[in-house]
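J.: Each chain, written out:
Protein chains: 2
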Amino acid sequence: MSTTEADTDAPAFARNDRNRLRRLHERGRYDKASVHAILDAAMICHIAYAIDGQPFCTATAFWREGDRLYWHGSSASRMLRAQRPGLPVCLTVTHLDSLVLARCGFNHSVDYRSAMCFGVAHIVEDPAEKAAALDRMIDRFYPGRAASLRTSTVQELKATTVIGMQIEDAVGKVRSKGVADEEEDYALPIYAARFPVRTVIGAVEPCSRLPAGVPRPDGLDGFTPDRRLDEIMLENHHKYEEP
Amino acid sequence: MSTTEADTDAPAFARNDRNRLRRLHERGRYDKASVHAILDAAMICHIAYAIDGQPFCTATAFWREGDRLYWHGSSASRMLRAQRPGLPVCLTVTHLDSLVLARCGFNHSVDYRSAMCFGVAHIVEDPAEKAAALDRMIDRFYPGRAASLRTSTVQELKATTVIGMQIEDAVGKVRSKGVADEEEDYALPIYAARFPVRTVIGAVEPCSRLPAGVPRPDGLDGFTPDRRLDEIMLENHHKYEEP
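Quick mapping for you: the protein sequence lines, in order, are chains A and B.
Here the first sequence is numbered in our numbering, starting from 1 and rising by one per residue.
Here the second sequence is numbered in our numbering, starting from 1 and rising by one per residue.
Bound-form chain A, shown alone (with noise of 0.2 angstroms):
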């Protein structure tokens, strides 16, 4: 089912039996510029993967290097552990963007954006390799911050898990057309709205032992209240790909 190493230059995943969409076609992306917008404005995502039998879906912070995907700290570490081969998993990213009120419950729907990568994953086993990409993730959330704190000691290092995997084939879904409805229907006297959603920044709190004197980071600017985290988030990943 995977698509071979020749096609990571490729500008777009190759359709086959687990990525492609079975219905609403006009919703799918295979090109990978759209997906990987869809995952570079994310932060958390959703990671299902099964032991035997039995699956398990966990919320992580993750990020894109390229065709890779890495995430920590999973609750799939300790089994990771005792798999070598590596565990095939299906990382999920969605952005809700508005509620959709029909006059039909059938046309009732959300517009949002969404993506699924599959892969195997595994663990970056590399004490150096592990803590450089423990640095590019705070790196990529925050911009130049990784510089600025106190070391990881070993003991943290050793405490963190980083996996890693690399997009063998992935599909976005994009809905963005608000209210659609039977031609029919738009007549009848039945309220029809598009409730627009967006997740953003608040005010920020600053520690409240932070010694006098210690200013905020000038690569903190981009979190300005009010400001959509989708939007900071793929400013800072632009900013971190090409510093």
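In case anyone wonders, no lab produced these hints; they're calculated from the structure.
Hints may be right or wrong, so weigh each one.
Quick list of in silico lysine to aspartate or glutamate cross-link-like pairs, DMTMM-like style, CA-CA up to 20 angstroms [what the hints assert, rightly or not]:
hint, chain 1, residue 1, chain 2, residue 2
1, A, K158, B, E182
2, B, K32, B, E65
3, B, K158, A, E182
4, B, K239, B, E65
5, A, K177, B, E205
6, B, K158, A, D181
7, B, K239, B, D218
8, B, K177, A, E205
9, B, K177, B, D111
10, B, K32, B, E241
11, A, K158, A, E182
12, A, K158, B, D181
13, B, K177, B, D126
Where chain A lies over chain B, by a calculated footprint (3+ residues, C-beta under 8 angstroms) [unchecked claim]:
hint, region
14, 25–39
15, 213–221
C-beta atoms are modelled at their ideal positions from N, C-alpha and C, and glycine is treated no differently.
Keeping the supplied structure of chain A fixed, place chain B upon it in accordance with the hints.
T.: Frame of chain A; chain B shown alone:
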């Protein structure tokens, strides 16, 4: 691994191999009231399931009725039809409440509320039961709305799959402490802060084809601009549970 039928009246979920937290035990919530509060504050969940060992993670709207969860239109539906004994799933809800910037990489975190629910998914096959469930879904999200809509056609009901699952066991996870650094790190000249995150409703956009004189129904009064979606959803769940 599942609890017995007799446990549905218990105030807490039994702990077992699949819902017991492996680490950070202080974050665990096994009482049903805590788990339900996390579920009922959400509209969207992520569902993990596996087909022939391949995991899938799908986002969908869902709702709770007592110890049962319902959702519809999942891409799992085609495969569910072929699987009469039902399909093991893990349904997870996650609310992101803040980003936590600490003085070392290890203590960077997020505040969040999440719930993982385990069970076996079945299709609601009976047409009348299915139609009633879809009406309840509308009313759960939008109080009193189902009765105001154009009646669903036979074709629309046929094209919709409703899936139900008894919650066999579940676990909530909550972090809400903001910055928590090592005692010796607080004196360091490193910026640390909590960035609150909230998901809110924007200004309502009535359908551009709404006939003149169609009022906005009172049942939608809770959806006021800038109000938190989790608050609205929890409030609407309570209206639906105790009309």
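J.: Evaluate each hint against the coordinates.
T.: To see whether the hints hold, each was checked on the structure:
In summary, the hint linking A:K158 to B:E182 is supported, as the alpha carbons are separated by about 17 angstroms, within the 20 angstroms threshold. Distance hint between B:K32 and B:E65 is fulfilled; the C-alpha atoms sit about 13 angstroms from each other, no more than 20 angstroms. Note on B:K158 and A:E182: the hinted pairing holds, with a Cα-Cα distance of about 17 angstroms set against a maximum of 20 angstroms. Simply put, B:K239 and B:E65 have alpha-carbon atoms about 13 angstroms apart, close enough for the 20 angstroms limit, and the pair holds.
Taking the CA atoms of A:K177 and B:E205, the gap is about 12 angstroms. The hint holds against a cut of 20 angstroms. The hinted pair formed by B:K158 and A:D181 meets the criterion: a straight-line CA distance of about 18 angstroms does not exceed 20 angstroms. A threshold of 20 angstroms between alpha carbons decides the hint, and for B:K239 with B:D218 the separation of about 13 angstroms falls inside it, so the pair holds. For the hint linking B:K177 to A:E205, the alpha-carbon distance of about 12 angstroms falls within 20 angstroms, and the restraint holds.
Distance hint between B:K177 and B:D111 is fulfilled; the C-alpha atoms sit about 7 angstroms from each other, no more than 20 angstroms. With a CA separation close to 16 angstroms, the supplied pair B:K32 and B:E241 stays within the 20 angstroms bound. Restraint check for A:K158 and A:E182: the C-alpha separation of about 58 angstroms exceeds 20 angstroms, so the hint is violated. For the proposed pair A:K158 and B:D181, the alpha carbon gap of about 18 angstroms is at most 20 angstroms, so the pair holds.
Taken as a hint, the B:K177 and B:D126 pair is broken in the structure, with Cα atoms around 47 angstroms apart against an allowance of 20 angstroms. Here's how the region 25–39 of chain B fares: 0 of its residues keep a CB closer than 8 angstroms to some CB of chain A, so the rule of at least three is not met and the hint is violated. For the region 213–221 of chain B, the proposed coverage by chain A is satisfied: 6 residues have a C-beta within less than 8 angstroms of a C-beta in that chain, meeting the threshold of three.
Comparing the model with each numbered hint stated earlier shows that hints 11, 13 and 14 do not hold.
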